[in-house]
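Protein chains: 2
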Amino acid sequence: MMRIGVDLTGGDNGSKPIVPAILEFLSKNSDVQVTAFGNKEELKELEGKCEIVHAPDVIPMEAGPLEAMRMKNSSIYKMAQYAKEGKLDAMVSAGSTGGFLSLSTLILKTIPGVHRAAFVAPFPTKIKGKKVVILDIGASNENSPEELAQFAVMGSLYSKYILGVKEPKVYLLSNGTEEGKGSPNGKLAYILLKDKPGFMGNIEARNALSGEADVVVTDGFTGNVFLKSSEGMAKMMSGMMKAAFKRNLWAKIGYLHVRKGIKEMTETMDYKSTGGAMLLGINGVVVKAHGNSDTYAFSCALNVAKKLVEEKLMDKIKEGIE
Amino acid sequence: MMRIGVDLTGGDNGSKPIVPAILEFLSKNSDVQVTAFGNKEELKELEGKCEIVHAPDVIPMEAGPLEAMRMKNSSIYKMAQYAKEGKLDAMVSAGSTGGFLSLSTLILKTIPGVHRAAFVAPFPTKIKGKKVVILDIGASNENSPEELAQFAVMGSLYSKYILGVKEPKVYLLSNGTEEGKGSPNGKLAYILLKDKPGFMGNIEARNALSGEADVVVTDGFTGNVFLKSSEGMAKMMSGMMKAAFKRNLWAKIGYLHVRKGIKEMTETMDYKSTGGAMLLGINGVVVKAHGNSDTYAFSCALNVAKKLVEEKLMDKIKEGIE
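From first to last, the protein sequence lines stand for chains R and L. Residues in the first sequence are numbered consecutively from 1, following the numbering used here. Residues in the second sequence are numbered consecutively from 1, following the numbering used here.
Everything labelled a hint here was simulated from the structure, so no lab data went into it. Don't take every hint at face value.
If several chains are the same, the list does not tell them apart, and a pair holds so long as it fits within one copy or across any two.
[To be verified] In silico lysine-lysine, BS3-like type, Cα no more than 27 Å apart, as pairs:
| # | residue 1 | residue 2 |
| --- | --- | --- |
| 1 | 246 | 131 |
| 2 | 196 | 166 |
| 3 | 242 | 187 |
| 4 | 260 | 166 |
| 5 | 252 | 235 |
| 6 | 196 | 263 |
| 7 | 235 | 194 |
| 8 | 316 | 72 |
| 9 | 49 | 242 |
| 10 | 16 | 28 |
| 11 | 246 | 130 |
| 12 | 49 | 87 |
| 13 | 49 | 84 |
| 14 | 87 | 187 |
| 15 | 194 | 40 |
| 16 | 126 | 235 |
| 17 | 260 | 242 |
| 18 | 235 | 263 |
| 19 | 187 | 44 |
| 20 | 242 | 126 |
| 21 | 194 | 242 |
| 22 | 260 | 28 |
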């Protein structure tokens, strides 16, 4: 029986949206056991439905690795310990990204042969329904060429087994398409990847979401900037769009006529349905739901965790890296 | 009399949109002399209005510095030579960015004391009419902490004298707001900048366009990724929005009611009105208009060049760096 650990603290909305997500998930997946980590006072509804581990301490959003390692009564620390002891196949949290990533890495360790774990997210693209896997989006601050080359392998396996892309096209995020463009380490990674199957060369940030790439490899600092600048621009534009629709009564009536199209657009852009981001390359399945996840978004994260376990992505990475 | 050199080759639309931009600019600025570099066959309309230098060769968009340096009959090469000989106060081109930046740097050289030139653009922000200066957006591939600290000085001077911000707030682009976050060189730049007036700390990419920052400092590779991911997301969203309005007759009618608001939105987002990007830190005023500039966008670029000369930004950088 598959065992998934769930952190019920730390998200922007605490345990509230997560409890119903777990209940719904369990009703659909009788073959999965959930262990809930959090303040047991808040988890009465889960009694009898899943194992409950009382771990009331919440790692602050901005906690560094040292602070996180010291909080041994935190839900994430306890959950990672459970995973290390072989009591969990996967972990899901909407809490502190830094705390979750660092505790997962420090306690579970990287898969033998993997230099560095990568934080991975599938992004929406211009092509409806198509996602592109971008990694690393912020587990590291810098990455060596060898690490980048391994990210290409891990991203490709994710694209293949989780998103169902037969022959994933892998690109390096760069400031030009020609060979010789790129960050200093990116240029060296290009040389390592050059003859690898599926490697298509460099891609510019403006085309990363065009749909041509299945996997885009970047160092963690740049990936984080990519993620957040895309997010910032998307928010800025939808804010301006909303303002346009609220100008006056006619604009509001106008909105009624375009809302179907707008709805399709927001669905394409919806990060919730992607189920959050994954930490790949460590000895365990680690899924980070968005901090402001609602029940739907958290359910998606649970489904992604299940799929990662089912597809044995960890074993595939182990083989792929060898 | 102020003398501005204009490259009439190389833009996506050749000399067509540029000739009327020059004529209009000259009609409004009788105190400026324009020297046009290009194929004189195409520049009959400019005869008698400005000096024409026959330089028919066009530097290809993707040319490297070596190739650009070899093309001595290219419009950009000749223009840079004129500038070096003191015959021009400013240069404007819509041609190859790489060619223009590298020839400007190689021929005009950096201002004494400036380690590296920075490619700079004012971006729109959420606050209507307010721009944020981001540099470097791609002149370099990597930058030392000292270079980043100098970018803060140059960006601040640009914000003050060209955009009229009294006390510009300067931030470092980072993956977190706390001190200690950032790329390896970014962290060291933080230490150099820490006690400088106007320095406010780190800013995440998602807030770079929020309007709180007047200047955002980054290395050229990351800046390029920031520029192009913002651009890519903006294009993707406006494409989806257009599709939403074209769905059916009702959506088209709906559009009629919201178009004023949409127009305001596109004006906020309009990169054309910013007049392109500038190369700061070299011995001359260098303005790069967007490759697909129309007459309006190119006119804005000419106005920016004029303002940079009038405000003696080069001299101010010289003093500021000392």
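**OP:** State the violated hints by number, sorted upward, taking the hints as numbered earlier in the document.
**Re:** Those not satisfied are hints 3, 4, 6, 7, 8, 9, 14, 15, 19, 21 and 22.
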